[in-house]
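Chemist: Here's the letter readout for the chains.
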Amino acid sequence: MDETRVQALIEERLKRYNAATSMKENPGQVPNISFYVTWKVYDYGCKLSEALLDYDLMAKLTYAFQERYNFDGFVEYSNRNQYRVSQLLGSSEYIVNDEAFSIQVEDFPTIYDGELAEFAKDPTKFMWEKIIPRKYPQFQEDIEVSYFQELVKEYQDFSAFSARMFSSMKELYGIPVLWDFRAPGIPNPCETLLSHYRGIKNFSIDMRRNKADLHAACEALSGNAARAAVAAWANVAPGHTTKSCFDGDGGLLAHTVMNPKQFDEFYWPWLKMYWDCVSSKEGWVIRTFTEGSGELIWDHLMDYRKGMVFLHLDIDDPFLVRERCPNAGIMGGMDTHVLGHGTKEECLTKAEHLVNTLGQQGGYIFSENRLVSYPNDTKRENLEAVCKYLEEYNHRNA
Amino acid sequence: MDYTKYPDGFEALCKECDFPMEDMAQRKFFMTMLLTRLIQM
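The listed protein sequences correspond, in order, to chains A and B.
If you're matching positions, the first sequence starts at 1 in the numbering used here and goes up one per residue.
If you're matching positions, the second sequence starts at 1001 in the numbering used here and goes up one per residue.
Mixed in with the good hints, there may be bad ones.
[Stated by the list, open to error] Here are the simulated BS3-like cross-link-like pairs (lysine-lysine), alpha carbons at most 25 angstroms apart as the crow flies: (1) A:K243 / A:K170; (2) A:K211 / B:K1028; (3) B:K1028 / A:K153; (4) B:K1005 / A:K130; (5) B:K1028 / A:K130; (6) B:K1005 / A:K153; (7) A:K379 / A:K47; (8) A:K125 / B:K1028; (9) A:K344 / A:K388; (10) A:K15 / A:K243; (11) A:K121 / B:K1028; (12) B:K1005 / A:K125; (13) A:K153 / A:K130; (14) B:K1015 / A:K153; (15) A:K15 / A:K281; (16) B:K1005 / A:K121; (17) A:K281 / A:K243; (18) A:K261 / A:K201; (19) A:K60 / A:K350; (20) A:K125 / B:K1015; (21) A:K350 / A:K24.
[Said to hold, decoys possible] Derived Cβ-Cβ restraints for the label pairs, each shown as a range: (22) A:K306 / B:P1007: 48 to 58 angstroms; (23) B:P1007 / A:Y112: 16 to 26 angstroms; (24) A:N376 / B:D1002: 41 to 51 angstroms; (25) B:F1029 / A:A160: 15 to 25 angstroms; (26) B:M1033 / A:D54: 55 to 65 angstroms; (27) A:H341 / B:K1015: 54 to 64 angstroms; (28) A:F319 / B:D1002: 57 to 67 angstroms; (29) B:F1029 / A:I200: 27 to 37 angstroms; (30) B:Q1040 / A:Y112: 12 to 22 angstroms; (31) A:C46 / B:Q1040: 23 to 33 angstroms; (32) A:D98 / B:M1033: 45 to 55 angstroms; (33) B:F1029 / A:E345: 50 to 60 angstroms.
[What the hints assert, rightly or not] Some chain A residues judged to face chain B by a derived CB distance under 7 angstroms, without partners named: (34) W128; (35) F148; (36) H196.
If you are wondering where the hints come from, they were derived from the structure by calculation, not from laboratory data.
Where a beta carbon is used, it is the ideal one built from N, C-alpha and C, also for glycine.
Model the full structure from these sequences, guided by the hints.
Modeler: Right, dumping it as structure tokens:
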């Protein structure tokens, strides 16, 4: 594709994004954003283990994916799994199964019971002396500099691959990066503690039985970074991005193990800090993915201006969310069960319904209703039909 | 040298690794960032 055509596509897509994020009725445009992850590997026809270890192959199959389906944007650029880096340090956390086409991640704690208070006293020391050796068995007292050097190089190679994917998708196919990170996020320590330190079961127990230690660990993990980020926001310019769809991004996972009271006590204060920063900048729009149901944040959303948050939905019914959160943008809704098991006609009926209702109301971005990972999540002919429908809809109404 | 001890092993590794920066404070920041990434993979 020549440079003029690529530039024209970038501008066309930016206009399409703005039509959606403006929240205006009858925008005439509905961006089609890919929520595909490892299904891209399956669609190309190679093994997961091959692609995860070969960045050139992963890049090639991602380009093939875009050439076939012509999306307007990507949530994931085939850089989700840092498999090569974790393998180098002897981690057994990732379990790649080529037959099942799955990547499983073991849920094991690296902060053991009774250790939260010790972690809170000096997180960096604890991470270095206890977490890293527990997670990576080869990090032992006889480790040599050369080994660590190899690890650093591997990590830099991964970072370079990520950067390559962001820039090449734009230069080759006119795909702007989905979010323009112009300001720091506020890390939510609940996500880190649940996913990487305590695990689902232990974190749930901590919320009930170790509240003081859990709060201390949250503060130690994220307190200083969060306050520094809030201070930095004073210098952030208002106004919606001219380069991307969103001004920021975030995802909620830990909320899925919380009841409303626990959410308000542990999770919401950190998320509110970030949303208050975003709210202080007129025009800013952020994507927020909610694993499972995002119902815990719906009431909180109503305290913020219309269109500030685009909810990227998982299991929630987009029509119910539209009714309950009229000031939120909506992303998602295309059911992978229909994409994977339905007919082409059923897929088109579903897509048309989303576009002609939510799309016409405004504040809607078409995407899949979950991270698309497994072979049965989509049939190729269904995705081709749906993407073609959206492409024709957008060109017809441009 | 036992690099798994903090802060001595951590700082020694920061000093001895071939990082893309000269300043020790930047090297420690880079190592801390790498540490966080390693844990959150």
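Chemist: Compare the structure with each hint and give your call.
Modeler: So, going through the hints one by one against the coordinates:
1. A:K243 / A:K170: 11 angstroms, holds
2. A:K211 / B:K1028: 32 angstroms, violated
3. B:K1028 / A:K153: With a Cα-Cα distance of about 16 angstroms, the restraint between K1028 (chain B) and K153 (chain A) holds, given a limit of 25 angstroms.
4. B:K1005 / A:K130: Since the Cα atoms of K1005 (chain B) and K130 (chain A) sit roughly 10 angstroms apart, the hinted pair holds (cutoff 25 angstroms).
5. B:K1028 / A:K130: 18 angstroms, holds
6. B:K1005 / A:K153: 22 angstroms, holds
7. A:K379 / A:K47: 18 angstroms, holds
8. A:K125 / B:K1028: Between K125 (chain A) and K1028 (chain B) the Cα gap is close to 13 angstroms, so the pair holds against 25 angstroms.
9. A:K344 / A:K388: Measuring from Cα to Cα gives roughly 12 angstroms; hence the hint holds.
10. A:K15 / A:K243: 10 angstroms, holds
11. A:K121 / B:K1028: Judged against 25 angstroms, a Cα distance of about 19 angstroms means the pair holds.
12. B:K1005 / A:K125: Roughly 8 angstroms separates the two Cα atoms, so the pair holds.
13. A:K153 / A:K130: Holds. K153 (chain A) to K130 (chain A) sits at ~23 angstroms (cutoff 25 angstroms).
14. B:K1015 / A:K153: 16 angstroms, holds
15. A:K15 / A:K281: Status holds; Cα separation ~21 angstroms.
16. B:K1005 / A:K121: Roughly 16 angstroms separates the two Cα atoms, so the pair holds.
17. A:K281 / A:K243: 17 angstroms, holds
18. A:K261 / A:K201: 18 angstroms, holds
19. A:K60 / A:K350: Violated. K60 (chain A) to K350 (chain A) sits at ~31 angstroms, over the 25 angstroms cutoff.
20. A:K125 / B:K1015: OK: K125 (chain A) and K1015 (chain B) at ~17 angstroms, within 25 angstroms.
21. A:K350 / A:K24: Status holds; Cα separation ~22 angstroms.
22. A:K306 / B:P1007: 48 to 58 angstroms: The hint (48 to 58 angstroms, Cβ to Cβ) holds, given that K306 (chain A) and P1007 (chain B) are roughly 49 angstroms apart.
23. B:P1007 / A:Y112: 16 to 26 angstroms: About 22 angstroms separates the Cβ atoms of P1007 (chain B) and Y112 (chain A), which means 16 to 26 angstroms holds.
24. A:N376 / B:D1002: 41 to 51 angstroms: Holds: the Cβ-Cβ distance is about 49 angstroms, inside 41 to 51 angstroms.
25. B:F1029 / A:A160: 15 to 25 angstroms: 19 angstroms Cβ-Cβ, so the 15 to 25 angstroms window holds.
26. B:M1033 / A:D54: 55 to 65 angstroms: 26 angstroms, violated
27. A:H341 / B:K1015: 54 to 64 angstroms: 57 angstroms, holds
28. A:F319 / B:D1002: 57 to 67 angstroms: Hint holds: Cβ distance 60 angstroms, inside 57 to 67 angstroms.
29. B:F1029 / A:I200: 27 to 37 angstroms: 31 angstroms, holds
30. B:Q1040 / A:Y112: 12 to 22 angstroms: Given a distance of about 18 angstroms, which is inside 12 to 22 angstroms, the answer is holds.
31. A:C46 / B:Q1040: 23 to 33 angstroms: 27 angstroms, holds
32. A:D98 / B:M1033: 45 to 55 angstroms: 32 angstroms, violated
33. B:F1029 / A:E345: 50 to 60 angstroms: 56 angstroms, holds
34. W128: 4 angstroms, holds
35. F148: 6 angstroms, holds
36. H196: 5 angstroms, holds
Hints 2, 19, 26, 32 from the earlier list are contradicted by this structure; the remaining hints agree with it.
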